[in-house]
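Taken in order, these protein sequences are the chains called B and S. Quick note on numbering: the working numbering labels position 50 of the first sequence as 50, and the sequence is numbered without any gaps. Quick note on numbering: the working numbering labels position 35 of the second sequence as 35, and the sequence is numbered without any gaps.
FYI, nobody ran anything at the bench for these hints, they're computed from the structure. Please note that a few of the clues may not be correct.
Put simply, identical chains are the same to the list, so a pair is met inside one copy or across any two.
[Claimed, not checked] Here are the simulated lysine to any residue pairs, SDA-like style, with alpha carbons at most 20 Å apart:
{"id": "1", "residue 1": "148", "residue 2": "77"}
{"id": "2", "residue 1": "46", "residue 2": "158"}
{"id": "3", "residue 1": "46", "residue 2": "144"}
{"id": "4", "residue 1": "40", "residue 2": "105"}
{"id": "5", "residue 1": "141", "residue 2": "112"}
{"id": "6", "residue 1": "40", "residue 2": "145"}
{"id": "7", "residue 1": "148", "residue 2": "49"}
{"id": "8", "residue 1": "76", "residue 2": "89"}
{"id": "9", "residue 1": "138", "residue 2": "222"}
{"id": "10", "residue 1": "115", "residue 2": "216"}
{"id": "11", "residue 1": "141", "residue 2": "129"}
{"id": "12", "residue 1": "40", "residue 2": "25"}
{"id": "13", "residue 1": "115", "residue 2": "104"}
{"id": "14", "residue 1": "141", "residue 2": "100"}
{"id": "15", "residue 1": "141", "residue 2": "41"}
In this text the structure is predicted, and so the values were computed from the model without any measurement.
Protein chains: 2
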Amino acid sequence: MVVKVYGPDYGHTKGVILCLIEKEVEFQTVHLDGFKGEHKQPEYLKLQPFGLFPVIEDGDYVLYESRAIMRYYAEKYKNQGSNLMGKTMEERGLVEQWLEVEAHHYTPPIYNLIKMYFGSVLNGEAMDPKAVEENEEKLGKVLDIYEKRLSETKYLAGDFFSLADLNHLQFTSYLVNEMERGFMVRERKNVSRWWDDISNRPSWKKVLQSYRNVYDALKEMK
Amino acid sequence: MVVKVYGPDYGHTKGVILCLIEKEVEFQTVHLDGFKGEHKQPEYLKLQPFGLFPVIEDGDYVLYESRAIMRYYAEKYKNQGSNLMGKTMEERGLVEQWLEVEAHHYTPPIYNLIKMYFGSVLNGEAMDPKAVEENEEKLGKVLDIYEKRLSETKYLAGDFFSLADLNHLQFTSYLVNEMERGFMVRERKNVSRWWDDISNRPSWKKVLQSYRNVYDALKEMK
């Protein structure tokens, strides 16, 4: 059964696709245009009542929320492709801890910065410098904690690549590449080493080559 | 080995304690006073670098982020106490989906309302009616999706109680009891039925009886 993944151009969906590539799971993508509100149409809302990307269909099984989908496939194909959850229950606990840190501490400020930046690209208006500063400060504090952690272990959850690392790729890539905020990564030695490592994984290069991103879509809309 | 749980008076920690009670895991609590900044002291930051509750110590194993801790114990004691993750991989996927919904859609507006309300209790200042309205509207939309879901299944992830339900107790209880916003639950038939069910679990009654809550602490500080 080929997994159907809705909305491959969007950040959270890219995390799911990355996971499926790492786990060597066959999938097909269903393109929907968020700018045209295709994720707010009744047919889509039957699959995902919040009207958000992504959702997957795997035969009759429908699942949404990117991190839940990633956990499901990491578990279902435990012995196939990359091991993304660690080997022991204790390692898995740490994967979950750092995935929660990503969700609640890392991604919110980076996502705010992306929204402001993309808004400014689309509207040609300057970003609110106070809001930028606040979010950069929040993100910087989180990165300081990452720097310390990554001076002790190769990856966030330990000396093994996991879902916790993987789910930083899609938004950090915007920060480093499109938004020219790479210095936030580069001025921290271990974060920089970690970023070079994870962003050079073949799975991420494949995602970058295969799917559009919201930034490119925005530039075309201008 | 008795599990040590730090900061039992705080909402996210109560979710962990509830989980430990449901799983029949022995634990002891370490009281720290957040109002005195005891969670920002160097000793605590060694365990939890973000300076937040909770963190657990289980022998040498240290873990933070409440949902990560709950998953760890639900898995570690799979065949002990209540089954909180469903029986199949597909059920577990849905538990994770609704736990993510709780984390990203349900708890943020309710948490904003709690912060505003508790602030007003402490300072005696009126809450910003526009901010209250915005957050109640967001929460109401989520509850409408819950209402539909709970008209089809007994609990969020299916016809079984799970971590996804459990982790709604601590903050919804403030909404219904301290904040007199019970109508948001009561005006939705299936949400109301679900709330009566989960809030009558012996584990939750034990938590309410055994630990202080932030609201009571605030009232004493006035």
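Consistency of the hints with the structure:
Neither within a single protomer nor between protomers do residue 148 and residue 77 lie at most 20 Å apart by alpha-carbon distance, with minima of 32 Å and 32 Å respectively. For the homomeric pair residue 46 and residue 158, the shortest alpha-carbon distance between copies (17 Å) is at most 20 Å, but the shortest distance inside one copy (39 Å) is not. For the identical chains of this complex, residue 46 and residue 144 are inter-copy neighbours only, at 14 Å across copies versus 42 Å inside a copy, given an alpha-carbon limit of 20 Å. Proximity of residue 40 to residue 105 under the C-alpha cut-off of 20 Å is restricted to the inter-copy arrangement: shortest distance 17 Å between copies versus 28 Å within a copy.
Taking the shortest alpha-carbon separations for residue 141 and residue 112, only the intra-copy value of 15 Å comes in at or below 20 Å, while the best inter-copy value is 22 Å. Proximity of residue 40 to residue 145 under the C-alpha cut-off of 20 Å is restricted to the inter-copy arrangement: shortest distance 14 Å between copies versus 38 Å within a copy. With identical chains, the CA atoms of residue 148 and residue 49 are at most 20 Å apart between copies only, with a shortest distance of 10 Å across copies and 40 Å within one. Taking identical chains as interchangeable, the C-alpha atoms of residue 76 and residue 89 lie at most 20 Å apart whether they share a chain (16 Å) or sit on different chains (7 Å).
Neither within a single protomer nor between protomers do residue 138 and residue 222 lie at most 20 Å apart by alpha-carbon distance, with minima of 30 Å and 31 Å respectively. With identical chains, the CA atoms of residue 115 and residue 216 are at most 20 Å apart within one copy only, with a shortest distance of 14 Å there and 38 Å across copies. With identical chains, the CA atoms of residue 141 and residue 129 are at most 20 Å apart within one copy only, with a shortest distance of 18 Å there and 32 Å across copies. Neither within a single protomer nor between protomers do residue 40 and residue 25 lie at most 20 Å apart by alpha-carbon distance, with minima of 28 Å and 44 Å respectively.
Taking the shortest Cα distances, residue 115 and residue 104 sit within 20 Å of each other both inside one copy (17 Å) and across copies (17 Å). In this homomeric assembly, residue 141 and residue 100 come within 20 Å of each other (Cα to Cα) only inside a single copy, at 16 Å, whereas the closest approach across copies is 24 Å. Only between protomers do residue 141 and residue 41 lie at most 20 Å apart by alpha-carbon distance; the minimum there is 16 Å, versus 39 Å within a single protomer.
When the structure is compared with the earlier hints, violations turn up for hints 1, 9, 12 and for no others.
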